[in-house]
Amino acid sequence: MPTNLPAEAKRKWAEVSAARNPVEKLRLMEEFLSLVPKHKGTAKLCAQVKKQMAVLRREIQEGKRRKTGKGGPKFFIEKEGAAQVVILGETNVGKSSLLTAATNAKVEVSSAPYTTKEPVPGMLPYEDIQFQLVEAPALMEGAAEGKAWGLQSLALARNADGLILMVDLTRNPVKQLSTILGELEKTRILVSKPKARVEIERKFMGAGLRIIVLGKLVDCTFRDVEELLKSYRVTDAVVKIYGEATLDEVEDAIFESTTYKPAIIVANKSDLENAEANLKLLEDYVGGQLPVIAVSCRTGQGLEKIGAALFNSLDLIRVYTKEPSERNPSPKPFVLRKGSTVHDLARNIHSDFSENFAYARIWAKRLVFSPQKVGATFVLEDGDVVEIHTK
Numbered sequence: 009m010p011t012n013l014p015a016e017a018k019r020k021w022a023e024v025s026a027a028r029n030p031v032e033k034l035r036l037m038e039e040f041l042s043l044v045p046k047h048k049g050t051a052k053l054c055a056q057v058k059k060q061m062a063v064l065r066r067e068i069q070e071g072k073r074r075k076t077g078k079g080g081p082k083f084f085i086e087k088e089g090a091a092q093v094v095i096l097g098e099t100n101v102g103k104s105s106l107l108t109a110a111t112n113a114k115v116e117v118s119s120a121p122y123t124t125k126e127p128v129p130g131m132l133p134y135e136d137i138q139f140q141l142v143e144a145p146a147l148m149e150g151a152a153e154g155k156a157w158g159l160q161s162l163a164l165a166r167n168a169d170g171l172i173l174m175v176d177l178t179r180n181p182v183k184q185l186s187t188i189l190g191e192l193e194k195t196r197i198l199v200s201k202p203k204a205r206v207e208i209e210r211k212f213m214g215a216g217l218r219i220i221v222l223g224k225l226v227d228c229t230f231r232d233v234e235e236l237l238k239s240y241r242v243t244d245a246v247v248k249i250y251g252e253a254t255l256d257e258v259e260d261a262i263f264e265s266t267t268y269k270p271a272i273i274v275a276n277k278s279d280l281e282n283a284e285a286n287l288k289l290l291e292d293y294v295g296g297q298l299p300v301i302a303v304s305c306r307t308g309q310g311l312e313k314i315g316a317a318l319f320n321s322l323d324l325i326r327v328y329t330k331e332p333s334e335r336n337p338s339p340k341p342f343v344l345r346k347g348s349t350v351h352d353l354a355r356n357i358h359s360d361f362s363e364n365f366a367y368a369r370i371w372a373k374r375l376v377f378s379p380q381k382v383g384a385t386f387v388l389e390d391g392d393v394v395e396i397h398t399k
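In our numbering, the protein residues as written are 9 to 399.
To be clear, the hints were calculated from the coordinates, so they are not data collected in a lab. Nothing false has been slipped in among the hints.
Below, in silico cross-link-like pairs of lysine-lysine (DSS-like), each with a Cα-Cα straight-line distance of 25 Å or less:
no.: 1; residue 1: 269; residue 2: 183
no.: 2; residue 1: 46; residue 2: 33
no.: 3; residue 1: 224; residue 2: 269
no.: 4; residue 1: 381; residue 2: 330
no.: 5; residue 1: 18; residue 2: 211
no.: 6; residue 1: 52; residue 2: 203
no.: 7; residue 1: 52; residue 2: 20
Simulated DEER-style distance windows between Cβ atoms:
no.: 8; residue 1: 356; residue 2: 213; range: 19 to 27 Å
no.: 9; residue 1: 231; residue 2: 51; range: 22 to 30 Å
no.: 10; residue 1: 135; residue 2: 51; range: 40 to 48 Å
no.: 11; residue 1: 190; residue 2: 46; range: 22 to 30 Å
Note that CB positions come from ideal geometry on N, CA and C, so glycine has one too.
Make a model of the complete structure from these sequences and hints.
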């Protein structure tokens, strides 16, 4: 069942969501916690909010150090390319070597532990798109409780589109993976696709509330969901519900407490002794739940498989647009999620295209004939060519 917070606490969380200044946000979170009744039903929520507060405190402290000239690493990386993918792993598994070998990044590669103190981005080419890989500082047991730069690395993971979980095949890869998954789980980041996923995209004031159920509501009705959202003052947003969702999971999404991140496992040092036996142990442990790619950053073996694995895991498609007056489509595609419609593409191009949409013409191998005239709800697939016509 939902936590049944008092109305005063729900109003306070609406203020938290609206706050942009970290100091103000932290103050409002403290006030929110003081309004939450302390019992078993709210324990999970309180723990998650406290973790968010710990990250904010560290960000505020780092901001003060930068202003006083004492430095401090930068932990926000603006997204570029088709998707942002954060590389997580224990120290000395080869994260810097992977970034150097697979991207254009200039990274310090060292055998000394914990060399990376701040995130480093690089662009990984895959066919006609690029993924932004971001090396995060190393994880260790206790990262979710604030050890080293653990909270910041996990915050990077939460903000990313996907993850690379990296292990060293010359050491026990199962133990390494268990540590990574354990720290992710403590911060409620899932790498196994959940039965349900709820996305809340807040909009400008006056946009209204739009709830799109793309799956099934299990223990509640559409009206229950609407009332719950409005009780937290989520009134201007697009809410998408995938899979079989409960009212609990909708409430979780309001607090951003549980999030799903597609992931692949990159097992490094496959060219060294004992690697083959350890790879078998790792694959047995994973049991096919996540893709496992054996690589050697030293020799380059297996690195060419990473782009395709990310593209498939992230459930992406490439759609090419064509001007009505042009003969050929643009060489650079729009990258969308599987299940996206012509309307989603139009909105990605420009708001005017979605607002003044009339129809589209589609060229696709799966169609009996091309081009075919379609409406805004037509579902796109990888490789489609789209010509949009406006009113």
